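There are 2 protein chains.
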Amino acid sequence: MLKNPFFADMADTRKKLVPIESVPTKTDIEQSHELIAPYIHKTPILSSRYLNELIGCEVFFKCENFQKIGAFKMRGASNAALRLPAESLQNGLATHSSGNHAAALALTAKNLKIPSYIVMPSSAPKIKKEAVKHYGGQIIECIPTLEAREATLNELVIKTGAQFVHPFDNYSVIGGQATVAKELVEELPDLDAIFAPVGGGGLLSGTALSAHYFSSGTAVYGGEPLGANDAWESLNKGQLIPVKNPKTIADGLLTSLSTKTFHLIKSHVREIVVTEEKMIVYAMRLIWERMKILIEPSSAVALAALLNKKTAFKGKKIGIILSGGNVDLDQFKFSA
Amino acid sequence: MLKNPFFADMADTRKKLVPIESVPTKTDIEQSHELIAPYIHKTPILSSRYLNELIGCEVFFKCENFQKIGAFKMRGASNAALRLPAESLQNGLATHSSGNHAAALALTAKNLKIPSYIVMPSSAPKIKKEAVKHYGGQIIECIPTLEAREATLNELVIKTGAQFVHPFDNYSVIGGQATVAKELVEELPDLDAIFAPVGGGGLLSGTALSAHYFSSGTAVYGGEPLGANDAWESLNKGQLIPVKNPKTIADGLLTSLSTKTFHLIKSHVREIVVTEEKMIVYAMRLIWERMKILIEPSSAVALAALLNKKTAFKGKKIGIILSGGNVDLDQFKFSA
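Here the protein sequences come in this chain order: A and B.
Following my numbering, the numbering of the first sequence begins with 1 at its first residue and continues without gaps.
Following my numbering, the numbering of the second sequence begins with 1 at its first residue and continues without gaps.
Some hints could be false.
[As the list claims (entries may be wrong)] Simulated DEER-style distance windows between Cβ atoms: (1) A:126 <-> B:328: 23 to 29 Å; (2) B:42 <-> A:50: 15 to 21 Å; (3) A:34 <-> B:54: 30 to 36 Å; (4) A:226 <-> B:259: 57 to 63 Å; (5) B:54 <-> A:244: 25 to 31 Å.
Keep in mind the hints are simulated off the structure, nothing from the lab.
A quick note: this is a predicted structure, and the numbers were derived from the prediction, not measured.
We treat Cβ as the ideally placed atom computed from N, Cα and C, and that holds for glycine.
Here chain A stands alone, though its shape is the one from the complex (with noise of 0.2 Å):
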């Protein structure tokens, strides 16, 4: 396999970086970026006076919908693999994921030209999977639990040797989500703060761990679904508590925080700003009209947590991570 020309040249970078096995510091951030770069987009920063005057601060928002796979997960997942010693990726690459984090994975491993196993709930929309395989990755069903991807997933890792990358509770992939910050303050470096929503927390730990080290003038927010607001709940008791039957809109952000998106949060960020679905609906609205590019509900959490505090921040510079734009349009009637 190293003989493919592609493989060979990424040997050598990959030689230098080892996985990251603690709070990414801010050279393994820099050393991230540079890593990934071959394998990102540096995303445009697009804004819009219309929503500027209707918020009444300027905002800028970085568009990871325009992302490959379009989502940020594409930073994490080749950050994740690209550390991993060659000979330990040669039976390929595993998670378990119903979103874009399957899909990100799935390209990272066509990359590097070695298979990719993706445990996906029975129940996960089709688009979802069609992505996955679009990206050579193969599919593994399960019954929609946590506990039977975790199981299958296992089996999965002991039968292939596989080499299983989490979605966020990985600090390599929370040091390549962490990227996404790093542009956005590298190209605005007085941004008074910055809202990214809040799933499993892998964006947000990024984002703050970024403004800390790159851009320490500016605060760091959460925006969380009403309907999944563990990080809210966990941040207010001191103590990690998991969603329990989560519910909206934002598919993205279902999953609980983890121990290390836990405490990088807990440190890191400002607050975590709740909002009800009536505003997440309202903000993706605005900015698929206004703006005309496509957004996932997930994306709009953190537009809604600003337009709930928007007197807080009159005249400030907002900067507002748009997560990505994989929208399941077949909800939607497309006819004359």
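The hints should help you fit chain B onto chain A, whose structure is shown.
Just chain B now, with coordinates in the frame of chain A:
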């Protein structure tokens, strides 16, 4: 009124240019571009590896969905208004339109701090009326027939003294729309072909003129819905044949060619490619899903036309004009 600093500044520029009274020359289009530059965006050109692979050629999308008011119409409306003598503008601008030209004329009038009067059929979608109101336009409703629209407009012009700006049968408007393709070929001088949608024909005429003047090796094709195929029929029969009872999801393309646009298209457009509704919807979804940008159905007609003829363009370099992004999202259900 001339005391307004914005308006006074403009008077200088406007003095030099007059309405374009015959087929726009190369110089007319160059001067139009300079004249309108402060009032328009230079829109981005995007591409998608996935779509290139699917279609089998290199496709470059000129994104007028990101234009001010969400459509290319801002170019023609501002060119026409800015070329009128200051004294004749004092009573404002008027038009009949249920679509993007209405919003473009209202915003142009707002920029010039003069009133605008828009005759709209009572059946026009709420969202279109709101856009006009948002830019300060006064809406005059009439029953939804072409006769009623024209009669209401005539009365209005007599009563107010406002200047009528036709949405496409106007050489200044055509000269403004020509700046879309001018920007496209300036950035990509070696396009084999450009596809643009055709309704009244202002955009397609202007596109054909700009290709002719600025990139003579680039052929221009029009995409037209089968349910409103008057351009195709008129070119085939060699005479202007207006469409009766047009029906298509591409609501910007319901109008028929005018004398001016018919003659320009006859002289400079290679072919009108007719497309069925199914292909328009498919093309629109492709762009939404793969490029994560919102376009209106009329914009999708150009890609649909290319898809119909893709074997003829294998390996070629093609420009597609995405005319606008004003979709009525009320037709979609957004909920958890």
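Hint check results:
1. At about 27 Å, the beta-carbon gap between residue 126 of chain A and residue 328 of chain B stays in the expected band of 23 to 29 Å.
2. In this structure the hint that residue 42 of chain B and residue 50 of chain A lie 15 to 21 Å apart at CB holds, the actual value being about 19 Å.
3. For residue 34 of chain A and residue 54 of chain B, the Cβ-Cβ distance of about 32 Å falls inside the hinted range of 30 to 36 Å, so the restraint holds.
4. At about 59 Å, the CB distance of residue 226 of chain A to residue 259 of chain B agrees with the hint of 57 to 63 Å.
5. Distance hint for residue 54 of chain B and residue 244 of chain A: a CB-CB separation of about 43 Å, inconsistent with the stated range 25 to 31 Å.
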